[in-house]
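Asks: Residues per chain, in single letters:
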Amino acid sequence: MAEVNLRKVVKRYDDVEAVRGIDLDIADKEFIVLVGPSGCGKSTTLRMIAGLEDITDGDIMIGGDVVNDVPPKDRDIAMVFQNYALYPHMTVAENMSFGLRLKRYPKAEIKARIDEAARMLDIVDLIDRKPKQLSGGQRQRVAMGRAIVRNPKVFLFDEPLSNLDAKLRVQMRIEIKKVHQKVRTTTVYVTHDQVEAMTLADRVVVMNKGRIEQIGTPNDLYHNPATRFVAGFIGSPAMNFLPCALEEVAGRLHVRITDRIVFPLPPAKAARYQNTSRNEKLLLGLRPEHVTEANAHGEAGVEPFDAVLDVTEPMGMETLIYFTLEGAQVCGRVSPNAGARDGGPLRLAVDLNNMHLLNEVTGAVI
Amino acid sequence: MSTLAIDKAGPRRKVKLGSMSNDRLWALRWSYFFLTLFAVIALLPPIYMLITSLKSSAEISAATNPWWVFHPTLSNYIELLSSNQFLRFFWNSAIVSVVVVAVTMLISVPAAFALARMKFWGSATLATGVFLTYLIPDSLLFIPLFKMFALVGDLTGVQLIGRWYVLLFIYPTLTVPFCTWIMIGYFASIPKELDEAAIIDGASWFQTLTRIFIPVALPGLIAATIFAFTVSWAQFLYPLVFTTSNDQLVLPVGIITTLIKGDVFNWGQIMTGALLGAAPPLIIYAFLMDYYIAGLTAGATKG
Numbered sequence: 109m110a111e112v113n114l115r116k117v118v119k120r121y122d123d124v125e126a127v128r129g130i131d132l133d134i135a136d137k138e139f140i141v142l143v144g145p146s147g148c149g150k151s152t153t154l155r156m157i158a159g160l161e162d163i164t165d166g167d168i169m170i171g172g173d174v175v176n177d178v179p180p181k182d183r184d185i186a187m188v189f190q191n192y193a194l195y196p197h198m199t200v201a202e203n204m205s206f207g208l209r210l211k212r213y214p215k216a217e218i219k220a221r222i223d224e225a226a227r228m229l230d231i232v233d234l235i236d237r238k239p240k241q242l243s244g245g246q247r248q249r250v251a252m253g254r255a256i257v258r259n260p261k262v263f264l265f266d267e268p269l270s271n272l273d274a275k276l277r278v279q280m281r282i283e284i285k286k287v288h289q290k291v292r293t294t295t296v297y298v299t300h301d302q303v304e305a306m307t308l309a310d311r312v313v314v315m316n317k318g319r320i321e322q323i324g325t326p327n328d329l330y331h332n333p334a335t336r337f338v339a340g341f342i343g344s345p346a347m348n349f350l351p352c353a354l355e356e357v358a359g360r361l362h363v364r365i366t367d368r369i370v371f372p373l374p375p376a377k378a379a380r381y382q383n384t385s386r387n388e389k390l391l392l393g394l395r396p397e398h399v400t401e402a403n404a405h406g407e408a409g410v411e412p413f414d415a416v417l418d419v420t421e422p423m424g425m426e427t428l429i430y431f432t433l434e435g436a437q438v439c440g441r442v443s444p445n446a447g448a449r450d451g452g453p454l455r456l457a458v459d460l461n462n463m464h465l466l467n468e469v470t471g472a473v474i
Numbered sequence: 053m054s055t056l057a058i059d060k061a062g063p064r065r066k067v068k069l070g071s072m073s074n075d076r077l078w079a080l081r082w083s084y085f086f087l088t089l090f091a092v093i094a095l096l097p098p099i100y101m102l103i104t105s106l107k108s109s110a111e112i113s114a115a116t117n118p119w120w121v122f123h124p125t126l127s128n129y130i131e132l133l134s135s136n137q138f139l140r141f142f143w144n145s146a147i148v149s150v151v152v153v154a155v156t157m158l159i160s161v162p163a164a165f166a167l168a169r170m171k172f173w174g175s176a177t178l179a180t181g182v183f184l185t186y187l188i189p190d191s192l193l194f195i196p197l198f199k200m201f202a203l204v205g206d207l208t209g210v211q212l213i214g215r216w217y218v219l220l221f222i223y224p225t226l227t228v229p230f231c232t233w234i235m236i237g238y239f240a241s242i243p244k245e246l247d248e249a250a251i252i253d254g255a256s257w258f259q260t261l262t263r264i265f266i267p268v269a270l271p272g273l274i275a276a277t278i279f280a281f282t283v284s285w286a287q288f289l290y291p292l293v294f295t296t297s298n299d300q301l302v303l304p305v306g307i308i309t310t311l312i313k314g315d316v317f318n319w320g321q322i323m324t325g326a327l328l329g330a331a332p333p334l335i336i337y338a339f340l341m342d343y344y345i346a347g348l349t350a351g352a353t354k355g
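If you read the sequences in order, they're chains E and U.
For the first sequence, our numbering begins at 109 and goes up steadily by one.
For the second sequence, our numbering begins at 53 and goes up steadily by one.
Treat the hints with caution; some may be incorrect.
Stated by the list, open to error - BS3-like cross-link-like pairs, simulated, lysine-lysine; straight-line CA separation at most 30 Å: (1) E:K181 x E:K219; (2) U:K199 x E:K211; (3) E:K181 x U:K244.
What the hints assert, rightly or not - Derived Cβ-Cβ restraints for the label pairs, each shown as a range: (4) E:S270 x U:I159: 37 to 43 Å; (5) U:Y337 x E:K137: 56 to 62 Å; (6) E:S270 x U:Y337: 38 to 44 Å; (7) E:K286 x U:V151: 33 to 39 Å; (8) U:I159 x E:K211: 29 to 35 Å; (9) U:V204 x E:R128: 56 to 62 Å; (10) U:A176 x E:P145: 44 to 50 Å; (11) E:S146 x U:I159: 53 to 59 Å; (12) U:A176 x E:S146: 25 to 31 Å.
Said to hold, decoys possible - Computed far set for chain E versus chain U, every beta-carbon distance over 10 Å: (13) L160; (14) D177; (15) L194; (16) I323; (17) E356; (18) G424.
Everything labelled a hint here was simulated from the structure, so no lab data went into it.
As the structure is a computational prediction, the values presented were derived from the model and not from experiment.
Note that beta-carbon positions come from the ideal geometry of N, C-alpha and C, so glycine has one too.
Build the full structure now, drawing on both the sequences and the hints.
Replies: This is the structure in structure tokens:
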């Protein structure tokens, strides 16, 4: 059990800076997910915590001790790899006990730990099999078992579910969450899948181009993104961004999207954007669930408009609609009974109480 | 072939033999033709050896059908196997080959592991360099090697030339580069995460090699072992040059030097000796065949 701290950690490969000075404090027992597109430096960061990559600059601390020059085996960590990395010539039990056997633990204790981990992961029946006799999901369980029996200070997961099919991934996601509830060990989990990040994490770290864009709880990131990158990366389907301008009409602040479409801002938002420059290039950020079919009783801040749909995607519980505004494609979510059809008109409404305004140049959320 | 049978069995469906199946059929016919041809060419000499080894000297020189044994005899085998000299050659060959295989593996496995996994300055160049040394033919190397050992003899007074154990120093110059090269290929095909997992589990480099890499790359190791053994066992030029007295000779050279007396060729015993000499590699092949083939394909696709 330990906290992990990163201080201005830099990783440079020859002329490429993969990680550009990141600071991160991970509390004891916390489940942290590093998420970002490929090449954002998340895996490199994880591997630096593991000790598999040297750090170019900065400090990494595990349990308060600087571990920059400590070899992986002395960092008291366990890691689960994307391709499982099970030892193919060993049985499940031998795979799980390899680390303990190297450290010369007593046989009885090794057996007790394996039994406990196997029970927890529901792999008791597989204990004498070789990895090649296991399915992908079972292999991933064994890989987790190998990490659990070590009882380390920190668990590191490097995209552990990427090799599994969609259904199994959801199942294993829940499994990992359950394991973390039982074995409350500090966990750093790397993924490029924002759904995994949102569902698993206590706090999510969104990374982009070697830097941390934002750190926050899943809800925090979803509702209060700090940058355009975070706003667009978290959430599926992604947030809509529409070029817009702020205007004062009859003493009230409005947001203009097209010549025809101008919405008055609800009071809370008007107050927030009161001091925003009227000449700035702005983007209106709206999540698809805030672009819905208009209903008869208008609510405050929910403004109706007409659109002609390009494409509809019936998902069962809802229908995703796509239409174009000022050259930008917009996605909305309507009820399956709203009468949305490909190429058809539909009266929609935007919920401006949940709008975001972004600076188009800097990408910062205002 | 089975798909063809199924096609013919469907009478109502109009079977159109596509170009694919036609191509496949012809490819099969050609491969059978050439494989049979090569098998015949490769097997004829040993069969001829076997036939000749079962004949007496009189029958060999008689003007009868050379492909048939009219009066089979085991006298050649009995004579050779009861000859201390022949057994001495056999023993020399065996000990040289076994020691060379052991030395080769002890050097080339750790070397390959280091070159494949521990990225250090110049490791890639070094790996290529190791292979290049193998490309220099031994017929070019034996004179400088002879000079080197002669010089060592002059400087230290330790005279290695003429002794069978000089071969223990020379054969590895042939086997180590090639075996290292094969093993680099095998080790490189092992996923990087496997040694990373081992390192995180607390294994040292040496433990990673002995407990993960060697078991996982066992087919490659066996392929390399067979290669090293075959090279050592069948080597002719080096022992011919470096050993002279009869008690120091290895089998291939021994057969030639002792069974050809002047212009008298003792064909029956030469063939018997060659056949007996070919037996140990054959037995090893037979035992390790499955591993060897698995090893060859693994190396071909991943190495």
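Asks: Return holds or violated for the Cβ distance of U:I159 and E:K211 against the range 29 to 35 Å.
Replies: Given range 29 to 35 Å: holds, Cβ gap about 31 Å.
Asks: Is 38 to 44 Å right for how far apart the beta carbons of E:S270 and U:Y337 are?
Replies: Taking Cβ atoms as reference, E:S270 and U:Y337 lie about 43 Å apart, which means the hint holds.
Asks: Against chain U, does E:E356 hold up as non-interface, every C-beta pair farther apart than 10 Å?
Replies: With a cut-off of 10 Å, E:E356 remains clear of chain U, as the shortest Cβ separation is near 60 Å.
Asks: Is it true that the C-beta distance of E:S146 to U:I159 lies inside 53 to 59 Å, as the hint says?
Replies: 41 Å, violated
Asks: Could one say that the CB atoms of E:K286 and U:V151 fall in the range 33 to 39 Å?
Replies: 58 Å, violated
Asks: Is it the case that E:I323 keeps its Cβ farther than 10 Å from each residue Cβ in chain U?
Replies: 26 Å, holds
Asks: Hint says 44 to 50 Å; check whether the CB-CB distance for U:A176 and E:P145 agrees.
Replies: 31 Å, violated
Asks: If I take the minimum Cβ distance from E:L194 to any residue of chain U, is it greater than 10 Å?
Replies: 8 Å, violated
Asks: For U:V204 and E:R128, compare the CB-CB distance with the range 56 to 62 Å and indicate the outcome.
Replies: Taking Cβ atoms as reference, U:V204 and E:R128 lie about 58 Å apart, which means the hint holds.
Asks: Per the stated criterion, does the least C-beta distance between E:G424 and chain U lie above 10 Å, as a non-interface residue requires?
Replies: At roughly 39 Å from the nearest Cβ of chain U, E:G424 sits farther out than 10 Å, so the non-interface label holds.
Asks: Please test the hint of 37 to 43 Å on the beta carbon pair from E:S270 and U:I159.
Replies: 40 Å, holds
Asks: Note whether the CB distance of U:A176 and E:S146 lies within 25 to 31 Å or breaks it.
Replies: About 26 Å separates the Cβ atoms of U:A176 and E:S146, which means 25 to 31 Å holds.
In this structure, the hints that do not hold are numbers 2, 7, 10, 11, 13, 15, in rising order.
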